[in-house]
Amino acid sequence: MSIGTSPAPQAGPSRPNPRLWVAGAVVFVLVWFALYGQLVPFSNRVVSLLPLERGSHLEEAIRFFVYDTPKVLMLLTLVVFGMGVVRSFFSPERTRALLAGRRESAGNVAAAGLGVVTPFCSCSAVPLFIGFVSAGVPLGVTFSFLIAAPMVNEVALGLLFALLGWKVALTYLVFGLGVAIVAGWAIGRLHLEGWLEEWVRTIRSEVAELPAEDVTVVDRIKAGIEAVKDIVGRVWVWIIAGIAAGAFIHGYVPADLLATIMGRDAWWSVPAAVLLGIPMYSNAAGIIPVVEALIGKGAAVGTVLAFMMSVIALSLPEMIILRKVLTVRLIAVFVGVVGLGILGVGFLFNALLA
Amino acid sequence: MKDVKVLGPGCKRCQTTQDMVLAQAERLGVPVHVEKVTDYAAIAGYGIASTPGIVIDGKVVHAGGLPKEDDIARWLTA
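Line by line, the protein sequences give chains H and E.
According to our numbering, the stretch in the first sequence is residues 1 to 354, in order.
According to our numbering, the stretch in the second sequence is residues 1001 to 1078, in order.
Please note: incorrect hints may appear among the correct ones.
For lysine-lysine, the following DSS-like pairs were computed, each having C-alpha atoms within a straight-line distance of at most 30 angstroms [to be verified]:
1) E:Lys1012 to E:Lys1068
2) E:Lys1068 to E:Lys1036
3) E:Lys1068 to H:Lys229
4) E:Lys1012 to H:Lys222
5) E:Lys1059 to H:Lys222
Simulated restraints, written as ranges between beta carbons of each label pair [as the list claims (entries may be wrong)]:
6) H:Asp230 to E:Asp1003: 28 to 34 angstroms
7) H:Ala100 to E:Asp1039: 39 to 45 angstroms
8) E:Gly1010 to H:Gly194: 25 to 31 angstroms
Treat the hints as calculated values from the structure; they're not laboratory data.
Where is the CB? At the ideal position from N, CA and C, for every residue including glycine.
Using the sequences plus the hints, can you model the full thing?
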């Protein structure tokens, strides 16, 4: 293919200068940290300007909201930008090439890990599923990818790290990957290929040879900006709703009530949290402020994490999308296996921290 | 006449991709026939794993995310 003969579009003065873009990204990060450091004085000032009774429930709730909203939005912007840049190094096609023909155990581990960094939007779930399975990626390995991708995402990890500390974030990462690996492996062991929809089983497609795209530093920074526009633009409503719910819990729900219902002694609270999480549909950004408030009120960490994993990983809309390629029986197995994994994480966590 | 197929189940990005192809074709004066492929089985048949995808004269040139304007122009004039 000769590129030399075609007219080069947008050549000349509009060529982006890589140094300028990198400098711009650095300035953005510096300004971000400067602003972030000012959040506590800022929220205290705002709250002190409001005609509120000191120490009242309302003041506590509003303080939580005024502090958490800019904090979460800023953190999300930074994390999503960083992840957008990282993800420009990966693509579903490349991941598929890495996973095709892998043996199961090692393949499950690789798939879960790649699920975290491969860019993937939920409207692509079905093409991705078919694309993987038809190219010879084992069914269980494909599931490991599909479980890890939404559950252990950059939004969840970044916000947990920021709001609850690195220990909780790291544990979430390890256990989230663990559930994806074990659940995918278990589904693979069950040999359920026959439970795919008929037309999916018969597709055997050639893997497309994509021309190598020339990706520059500027393109990667642009990918980060695009990710921020796309993700933050989409989830900010969820975040505000989540923080409002968190603020209500923080200000009004009595601590001993939560400790009774969601505390470590109530064994049934873990399965209840998982069941409650299935019909609830939110994304990580909306659920984490709620998680933060629940833990602050004495709910057991394992119970709360199980709830969060269930809300994110087992969502009804995703199941409806996957219904196009999976039979109802296979979806039931998927929910059952992932649900059991999350249950295990919840119990284990509560036991470890006892 | 370039035969262009935009592969995607009908999400917003797929529509944007189609609009971008049409805009570039008009700008460059390249005659095109653009067709949308929304059927999952047909999309899978092209061997891609992410959408939107672009096929030009039977050859897959792009998969996943919005394409770059420069690239579209290059594909249409190649």
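Status of each hint after checking the structure:
no.	hint	verdict
1	E:Lys1012 to E:Lys1068	holds, 16 angstroms
2	E:Lys1068 to E:Lys1036	holds, 19 angstroms
3	E:Lys1068 to H:Lys229	holds, 17 angstroms
4	E:Lys1012 to H:Lys222	holds, 20 angstroms
5	E:Lys1059 to H:Lys222	holds, 27 angstroms
6	H:Asp230 to E:Asp1003: 28 to 34 angstroms	holds, 30 angstroms
7	H:Ala100 to E:Asp1039: 39 to 45 angstroms	violated, 24 angstroms
8	E:Gly1010 to H:Gly194: 25 to 31 angstroms	holds, 30 angstroms
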